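Q: Sequence:
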Amino acid sequence: MKFSNLAARIVVSLIFIPIIIGVVHFGGYSFLAFVAVLSVAGFIEFSRFGFKADIHTDKFIGIISVLLILLNNYLNFTTDSTILSLSAVVLLTFELYRSKGTPLLNVGATFFGVIYLGMFAGSLIKIREVFQPDELLYNEAGLIVLSIFVTVWVCDSGAYFIGSAFGKHKLMPRVSPKKSWEGAIGGTLLALVGMVAMHQIYLDFISLYHAVIMAAIIAVVGQFGDFVESLLKRNAQLKDSSGIIPGHGGVLDRFDSIFFSAPVVYAYLKFVVV
1 MKFSNLAARI VVSLIFIPII IGVVHFGGYS FLAFVAVLSV AGFIEFSRFG
51 FKADIHTDKF IGIISVLLIL LNNYLNFTTD STILSLSAVV LLTFELYRSK
101 GTPLLNVGAT FFGVIYLGMF AGSLIKIREV FQPDELLYNE AGLIVLSIFV
151 TVWVCDSGAY FIGSAFGKHK LMPRVSPKKS WEGAIGGTLL ALVGMVAMHQ
201 IYLDFISLYH AVIMAAIIAV VGQFGDFVES LLKRNAQLKD SSGIIPGHGG
251 VLDRFDSIFF SAPVVYAYLK FVVV
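Residue numbering for the sequence shown follows the working numbering, beginning at 1 and increasing consecutively.
For the record, the hints were derived by calculation from the structure and aren't laboratory data.
Keep in mind it's a predicted model, so treat the numbers as computed, not measured.
Cβ coordinates follow ideal geometry from the N, Cα and C atoms, glycine included.
Mixed in with the good hints there might be a few duds.
[To be verified] 27 Å max Cα-Cα, derived BS3-like pairs, lysine-lysine: (1) K59 with K239; (2) K100 with K270; (3) K168 with K178; (4) K178 with K52; (5) K52 with K100; (6) K170 with K239; (7) K52 with K239; (8) K59 with K100; (9) K100 with K178; (10) K239 with K168.
[What the hints assert, rightly or not] What follows is a set of in silico ranges between Cβ atoms, one per label pair, in the way DEER data are often shown: (11) H25 with L104: 38 to 46 Å; (12) L96 with D204: 55 to 63 Å; (13) D204 with G108: 23 to 31 Å; (14) V11 with S242: 13 to 21 Å; (15) S157 with G108: 33 to 41 Å; (16) R234 with V37: 24 to 32 Å; (17) I17 with I64: 27 to 35 Å; (18) I17 with V274: 25 to 33 Å; (19) W181 with Y138: 35 to 43 Å; (20) F205 with F26: 13 to 21 Å; (21) Y202 with R234: 33 to 41 Å; (22) S207 with A53: 41 to 49 Å; (23) K52 with V11: 30 to 38 Å.
Take the sequences, apply the hints, and build the full model.
A: Written out as C-alpha cells, the structure is:
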C-alpha cells in the first residue's frame with residue numbers, strides 16, 4: 001500500500017469512525033438512515049459486477065426493495081418474505097418490457113442484490129432494534145452492534161499487517177492472491193483478543209463465552225464475506241467496487257464483512273444468547 005493511500009485511509013477513518021460510533025449509539029432513525037445509505041450505495045456498486053457478463057440489474061426496483069426491507073426491519077409492518085415475493089413479481093413483470101441482457105440473469109442478480117444489501121445489512125437494524133421497548137437493553141444492543149464493527153476493523157487490520165509481514169501460504173489465490181493463512185489466522189486471533197478487551201470495558205452484560213463465540217463468528221464469517229466480494233469483483237474485472245471512499249474503495253470493499261456476518265450474529269443472539 002502506497003503511503004498516500006495509507007494516509008487517505010487513516011484520515012477517512014478518523015473522520016468516519018466517530019460518526020459510525022455516534023449513529024450506532026443513538027440508534028433509531030439515525031442508524032436506519034446510515035444503513036440505508038450504505039445499502040443503496042452498495043446495491044449500485046453491486047450492479048456494476050454484472051456488466052462484463054451482460055447482466056443488468058433493475059436498480060430502481062432493487063433499491064426500492066432494499067429500502068422497504070430495511071424499513072420493515074425497523075417498523076415490523078410485514079414480513080421480509082412478503083416484500084421479497086412482491087419484489088419478484090414486479091421484477092419479472094418489468095423484465096417483459098426490457099431488452100437488456102438475459103431476463104433470468106437480470107432478475108436473479110437483482111434479487112440476490114436485494115437479499116445481500118437488504119436482508120444481510122438489515123440484520124444490523126434487527127440487532128440494534130431488538131430491545132426497542134426497554135431503554136437500558138436498547139443501549140446494550142447498540143454496544144453489541146458497535147462490537148461487530150470494531151471486531152471487523154480489528155480482524156481486517158490484523159490480517160493485513162500480519163499477512164504483509166509473515167504471510168507465506170496463500171489462502172485462496174484464485175479469488176484473492178494476496179490473502180494468506182497467516183494473515184487470516186492472525187486477524188482472527190486479534191479479533192478474539194479485541195473482544196475479550198471489549199467485554200472487560202463495556203460488554204460485561206453478556207457472558208465472556210458468548211462474546212468470544214460472537215467474535216469468532218464475526219472474524220471467520222466476515223473473512224468469507226470479504227472473499228465473496230473479491231470473487232464478484234474478480235469476475236467483473238474490477239479492482240474496487242467503487243472509489244466513493246478515498247483510500248478504502250467502495251462501500252462493499254469496506255463493509256462486506258460486516259454485511260456478511262450480521263445475519264449469522266443475529267441468528268446466534270436470537271436463538272442462543274437471548
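Q: Would you mind marking each hint as holding or not holding in the structure?
A: Here is how each hint holds up against the structure:
no.	hint	verdict
1	K59 with K239	22 Å, holds
2	K100 with K270	42 Å, violated
3	K168 with K178	10 Å, holds
4	K178 with K52	24 Å, holds
5	K52 with K100	13 Å, holds
6	K170 with K239	19 Å, holds
7	K52 with K239	14 Å, holds
8	K59 with K100	13 Å, holds
9	K100 with K178	36 Å, violated
10	K239 with K168	22 Å, holds
11	H25 with L104: 38 to 46 Å	44 Å, holds
12	L96 with D204: 55 to 63 Å	57 Å, holds
13	D204 with G108: 23 to 31 Å	45 Å, violated
14	V11 with S242: 13 to 21 Å	18 Å, holds
15	S157 with G108: 33 to 41 Å	35 Å, holds
16	R234 with V37: 24 to 32 Å	26 Å, holds
17	I17 with I64: 27 to 35 Å	31 Å, holds
18	I17 with V274: 25 to 33 Å	28 Å, holds
19	W181 with Y138: 35 to 43 Å	40 Å, holds
20	F205 with F26: 13 to 21 Å	19 Å, holds
21	Y202 with R234: 33 to 41 Å	38 Å, holds
22	S207 with A53: 41 to 49 Å	47 Å, holds
23	K52 with V11: 30 to 38 Å	32 Å, holds
The structure fails hints 2, 9, 13 (numbered hints given earlier, in ascending order).
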